[in-house]
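Protein sequences, first through last, are from chains Z and V.
Read in the UniProt record's numbering, the first sequence has 128 at position 128, and its numbers run on one by one without any break.
Read in the UniProt record's numbering, the second sequence has 6 at position 6, and its numbers run on one by one without any break.
In short, the hints are calculated from the structure, not lab data.
A portion of the hints provided could be inaccurate.
Stated by the list, open to error - To give a feel for the contact side, a few chain V residues facing chain Z, derived at Cβ under 7 Å: (1) PRO44; (2) TYR45; (3) ALA216.
Unchecked claim - Coverage of chain Z stretches by chain V, computed from C-beta distances (three or more under 8 Å per stretch; other residues unrestricted): (4) 27–34; (5) 37–50; (6) 65–72.
By construction, the Cβ of each residue, glycine as well, lies at the ideal position given by its N, Cα and C atoms.
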Amino acid sequence: MTFHLDVVTAEQALFSGTVEEVIAPGAMGDLGIMPRHSQLISKLRAGELQYKTTEGAMASLFVSGGVLEVQPHVVTVLADTGMRAEDLDEAAAREAMKQAQDALQGKDPEDLDYEAIQTELESAKAQIEMLHRIGKLRGH
Amino acid sequence: MAVGKEILTQIKSIGNTKKITKAMEMVAASKMRRAQDRMKASRPYAEKMRQVVNHVAYGHLEYKHPYTQIRENVKRVGYIVMSSDRGLCGGLNVNLFKKALQSIAEWKKQDVEVDICVFGAKASAAFRRYGIVAQKTHMGDAPKVADMIGTIKVMLDAYEEGRIDRLFLVENEFVNSMTQRPQVTQLIPLVATGTDSIKHHWDYLYEPESKEVIDALMQRYIESIIYQGAVENVACEMAARMVAMKSASDNAGKMIGDLKLIYNKARQAAITQEISEIVAGAAAV
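Could you build the full structure based on these sequences and the hints that come with them?
Here it is in structure tokens:
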């Protein structure tokens with residue numbers, strides 16, 4: 001049994017194809033989705049979206065949040081931003097994290113857009129976590 | 001030779017104009033290509049978003065978002081008009097405004113008030129008399145959602161507070177580089193379109209609560225539609241300008257050809273006259 005998975009971000013379409021299983025970073029915890037799952041709609045947090053292709057290999061993408069919709073034979077991920085695992089850059093993520101932390105410690109709390117910075121921070125953290133996980137798998 | 005001095009000056013000045021229109025044509029062509037790329041890149045997201053929202057509009061959900069509730073009694077409607085900042089792009093903006101005014105006139109006939117929100121300097125100038133409630137101009141060739149969201153929020157808030165009962169979007173559809181079609185679409189309340197196959201009683205499982213998820217989804221939906229509209233409008237503007245400037249260059253070329261013909265005829269006439277005068281003079285001796 002397989003189903004169709006679409007992953008799109010505002011800038012590009014990241015993945016479209018047939019898969020056997022999806023593990024998504026839901027706002028309330030990770031969601032494992034198998035074929036013929038009942039209709040579900042969930043917010044996503046920043047994290048790793050894994051899917052099992054028809055060849056049986058696990059592949060993964062990074063999403064920074066968004067919305068996931070499940071229909072019995074189609075799963076659609078509307079990510080705010082996202083990238084392929086091989087495009088992740090640990091240095092860039094650390095830099096983004098540092099900037100967000102600096103901004104939070106800034107002097108003028110009234111100008112701060114806490115929500116935006118918090119999102120940024122979580123996204124950077126999730127990227128680094130994901131890199132570490134993949135790194136371990138590859139045996140670094 | 002002093003023949004046709006003024007014709008020569010005219011040819012030269014048309015030549016200069018032609019150079020400018022030619023340059024504008026080429027600039028518009030390269031900008032159009034980039035705008036088209038942007039449009040294509042954001043299209044999958046907008047399409048998928050539309051699909052998901054369509055499911056939401058069709059389903060029997062426990063939480064009814066204001067955007068999915070259709071109000072029967074319409075007292076005031078809102079329009080969002082997308083236009084370009086600059087002119088010299090043929091009839092693009094004029095055709096769009098005509099379409100918008102037609103639609104507005106129909107509401108006015110039914111005694112419905114109209115609020116207008118505009119993007120682009122051209123629409124801002126055209127709709128000044130009609131009561132603009134929000135506007136944003138000069139967003140450049142690569143519009144950003146962040147620049148547009150404030151202006152849109154004015155209209156969305158008006159809808160949620162019940163000051164307007166319908167919200168329409170007036171924008172150009174990019175068919176191909178030769179054709180752009182102005183169209184008026186209803187943005188909210190959502191109109192469910194498509195197949196009836198999913199039209200039966202079902203509801204989603206929600207994570208977290210239904211209100212939170214649907215609110216997040218709707219916000220992203222409006223953002224994506226408006227962004228797509230703005231990006232598409234830039235592509236339309238560039239395509240229209242390219243075509244307009246191409247025909248202007250062609251016309252200038254034709255005018256230069258005609259003037260050259262007149263100039264050569266006048267020159268030839270002058271030479272013939274001179275020769276005949278010499279011949280007549282020699283015969284008289």
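How the hints compare with the structure:
At about 4 Å, the closest approach between the beta carbon of PRO44(V) and any beta carbon in chain Z falls short of 7 Å, and the interface hint on this residue holds. Restraint check, TYR45(V) versus chain Z: the minimum CB separation of about 4 Å is within 7 Å; hint holds. Checking ALA216(V) against chain Z by beta carbon gives a least distance of about 6 Å; that is within 7 Å, so the hint holds. With a threshold of 8 Å between beta carbons, the proposed coverage of the stretch 27–34 of chain Z by chain V holds, since 3 of its residues qualify and at least three are required.
Here's how the stretch 37–50 of chain Z fares: 6 of its residues keep a CB closer than 8 Å to some CB of chain V, so the rule of at least three is met and the hint holds. Given as covered by chain V, the stretch 65–72 of chain Z passes the check, having 4 residues with a CB less than 8 Å from a CB of that chain where 3 are the minimum.
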